[in-house]
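Given these sequences and hints, build the entire structure.
Spelled out, the chains give:
2 protein chains.
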Amino acid sequence: MDNFAKFCKMTVFERAGDRVIVLLSSGNLAGTQAVVSVLTQRCADGASAANLLGARTMFDVVSLVADAMRDIEKRDAGYLAENNIRFNASFIVGGQIRGEPIRLFRIYAEGNFIEAGIDTPFFQTGETKYGKPILDRVLTQHTPLADATKCVLVSFDSTMRSNLSVGMPIDLICYERDSLEVQWRRRFDEGDPYFTTLSQQWGEGVRQVFRDLPDLRW
Amino acid sequence: MDNFAKFCKMTVFERAGDRVIVLLSSGNLAGTQAVVSVLTQRCADGASAANLLGARTMFDVVSLVADAMRDIEKRDAGYLAENNIRFNASFIVGGQIRGEPIRLFRIYAEGNFIEAGIDTPFFQTGETKYGKPILDRVLTQHTPLADATKCVLVSFDSTMRSNLSVGMPIDLICYERDSLEVQWRRRFDEGDPYFTTLSQQWGEGVRQVFRDLPDLRW
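Protein chains in written order, with this note's numbering: chain B, 1 to 218; chain C, 1 to 218.
Everything labelled a hint here was simulated from the structure, so no lab data went into it. Just to be clear, a hint being listed does not mean it is correct.
As the list claims (entries may be wrong) - Only part of the chain C face toward chain B is listed, based on derived beta-carbon distances under 10 Å:
#1 G131
#2 K132
#3 L135
#4 V138
#5 R186
Claimed, not checked - Which bits of chain B does chain C cover? Going by a derived footprint, with three or more residues having C-beta under 8 Å, they are:
#6 132-142
#7 155-166
Only a predicted model underlies this, so the values are computations on that prediction, with no experimental measurement involved. Heads up, the beta-carbon is just placed ideally off N, CA and C, and yes, glycines get one too.
Here it is in structure tokens:
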């Protein structure tokens, strides 16, 4: 906590009209950065079979991300283990490739992964618990994009209030199905007027709801 | 998760007019039950120097609870370690002994402990994170007992919604400073009318606050 810095946890692989792939990372920063660098290099090497921009499906994309995680893990884990450090990088991978529906995956540190579905329309990674109750209350497969956007920000607000090591900026992408390009992207920095308003209005509203609750009659 | 049962996590050592001591436990059930049994036996053996009902201060009480934890840990930890199980019992100990102010402690699994103060007026144990944001928003040293009571119940409601392994009943004691006896104790079981009302009104209120938040203008 005394050696902190900001790092962007979001990486976009995009070929407008063909695919949008978004990676969100959590865990060991050296590990997740190495994974992203490997994936980026493999994209630059267009011929590579491990090129995310050439993968046929989102399932193949996620498998390639998992492969890169395991490559880095193989390289580093032994050295980390000597100091009792676990290689604990993990990723959320979401996006769409032309011809497929939009898909969302969560890759565990071990490289195996799950896909979101109708019953579980969202994933979180990193410091997940403080911000989960509001997501559980609001998000369903029918939630409009505008509401989902607000909900994610309120969730981050709760997390940042309860865990000082989580802080601004928040990098947000809102991807609209079948657009096949990133139309809405926004970074919220410390003091962002919209986020500040949201945070204050939410806090005051919640405290008012609390005040209106009936007292317990023993 | 397929072998679940209910166990009371709250134990009261009381001598009306002299002291009220409340233990809340979390972690390895065999461990916490053994600690409580040892403490109860030592109270029954009135002459024991490790008798909570004879301890001079709350600090001494907490030290005795920590000693009992370490006794059990010494007995079991080796056998648990053979199966890679950690002895992870921990306790919150609160109460008052005549002549002292009311005091509140949190004992870690290792047996060391911290005391609550003006800046940190509450402790949680067990599945703490889902329910913490509302406590962080509402509780201060000036919060009236009635509000603190509501707040704890709303916090448990959030936790139970997000972690299926946390469930009713909730055992609640509300201790009024200098009363030196337990006047208000209540168990909330599945379907409790007050808790159900609280949960519904809270959920609807929070969703309404959410609906009233301004949309993001990209």
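Take the shortest C-beta to C-beta distance between C/R186 and chain B; is it under 10 Å?
C/R186 check passes; min Cβ-Cβ to chain B is 6 Å, inside 10 Å.
Given hint C/V138 near chain B, where the shortest CB pair must fall under 10 Å:
Hint holds; C/V138 Cβ to chain B Cβ min 6 Å, cut 10 Å.
C/G131 as chain B interface residue, shortest Cβ-Cβ below 10 Å
Nearest chain B Cβ about 8 Å off; hint holds.
With a cut-off of 8 Å between beta carbons, are at least three residues of the stretch 132-142 of chain B near chain C?
holds (count 6)
With a cut-off of 10 Å, does the beta carbon of C/K132 approach a beta carbon of chain B closely enough for the hint to hold?
holds, 5 Å
Chain C covers the stretch 155-166 of chain B, three or more CB atoms within 8 Å, holds or violated
holds (count 3)
Under the criterion of a CB-CB separation shorter than 10 Å, is C/L135 in contact with chain B as hinted?
holds, 9 Å
Hint compliance for this structure: no hint is broken.
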